Amino acid sequence: AQTVTQSQPEMSVQEAETVTLSCTYDTSENNYYLFWYKQPPSRQMILVIRQEAYKQQNATENRFSVNFQKAAKSFSLKISDSQLGDTAMYFCAFTTSYNNNDMRFGAGTRLTVKP
Amino acid sequence: NAGVTQTPKFRILKIGQSMTLQCTQDMNHNYMYWYRQDPGMGLKLIYYSVGAGITDKGEVPNGYNVSRSTTEDFPLRLELAAPSQTSVYFCASTQQGAPIFDSNQPQHFGDGTRLSIL
Chain A
1 AQTVTQSQPE
11 MSVQEAETVT
21 LSCTYDTSEN
31 NYYLFWYKQP
41 PSRQMILVIR
51 QEAYKQQNAT
61 ENRFSVNFQK
71 AAKSFSLKIS
81 DSQLGDTAMY
91 FCAFTTSYNN
101 NDMRFGAGTR
111 LTVKP
Chain D
1001 NAGVTQTPKF
1011 RILKIGQSMT
1021 LQCTQDMNHN
1031 YMYWYRQDPG
1041 MGLKLIYYSV
1051 GAGITDKGEV
1061 PNGYNVSRST
1071 TEDFPLRLEL
1081 AAPSQTSVYF
1091 CASTQQGAPI
1101 FDSNQPQHFG
1111 DGTRLSIL
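Quick mapping for you: the protein sequence lines, in order, are chains A and D. Yeah, the first sequence ends on 115 if you go by my numbering, and it's all consecutive. Yeah, the second sequence ends on 1118 if you go by my numbering, and it's all consecutive.
Because the hints were derived from the structure by calculation, they are not lab data.
Pulled from the structure, derived: some chain D residues nowhere near chain A, Cβ distances all over 12 Å: (1) ILE1012; (2) GLY1053; (3) ASN1062.
Which chain A residues face chain D? A few, computed with CB under 7 Å, are given here: (4) MET45; (5) PHE91; (6) ASN101; (7) ASP102; (8) PHE105; (9) GLY106; (10) ALA107; (11) GLY108.
Being a predicted model, the structure only gives us computed values, none of them experimental. No residue lacks a Cβ here, since even glycine has one placed at the ideal position from N, Cα and C.
All chains, please: the whole structure from these sequences, using the hints.
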C-alpha cells in the first residue's frame, strides 16, 4: 500500500524568508509521480509542483522547488521569498503510474507567513 | 467560466437518511473524481470516472455510490448516512487522467460540500 507522511502539522515563516516542508512516502513501485498541492482558506486545491520519479532533476516552479530523494523516499518543498499569499495548507500527494487516478494525500502542513 | 460546481455547499443529515451530492463541470473533461477530507487530514479518493458510463472505486468507496450518465455530471450518493461520513467532500475534474497533472492540465476542484451526519 502507498502511504504519504507529512510530519509537520504546522509551520510558520517570516515574509521574504525561505521555508521547507517535509514529505516522505512509502511504495514498492519504481514508477510514480509526486505532487505538492496548496489549499488556501477558500478550500480550492491548487497544484504547486509535480515530480516524475524517473527524473533525477528536481522540479522547480518560480519560487517553489523540491528536493526529491528517491532512495530515501523523501520529497520536500522549498518556498523561497515567502509571501503572505503563500499562507495555506500544503498537501503532498502520490500516485503510481499503473493506477494513476488513485492519488494518495498526506495529512497536510499548515503554513503561516508572518509579516 | 463556471469550472466545477458542487451543490449543496452545506448539509446536515440525520443518521440513516440518504442524499445526493451534485457535481457538474462545463469544461468537457473526461476524468472526474470524488474525494472526502476529514478534519486535519488529506483528501481520500472515494470514486472516480474516466468517462461517461465508466466508474471505479478509489481508496474509501464503502457507503457511497456514483453514476456518470453524462460527461458533465458525476453525482455522489449516500444511501444510509452514518456519522463516519461527516466530512468535506470535493469533486474534481481534469482533461486528461493523472499523471498529466501539470500546470497546463491541472485538476480542477469544486468549492466543496460540508456534510454533517447527526
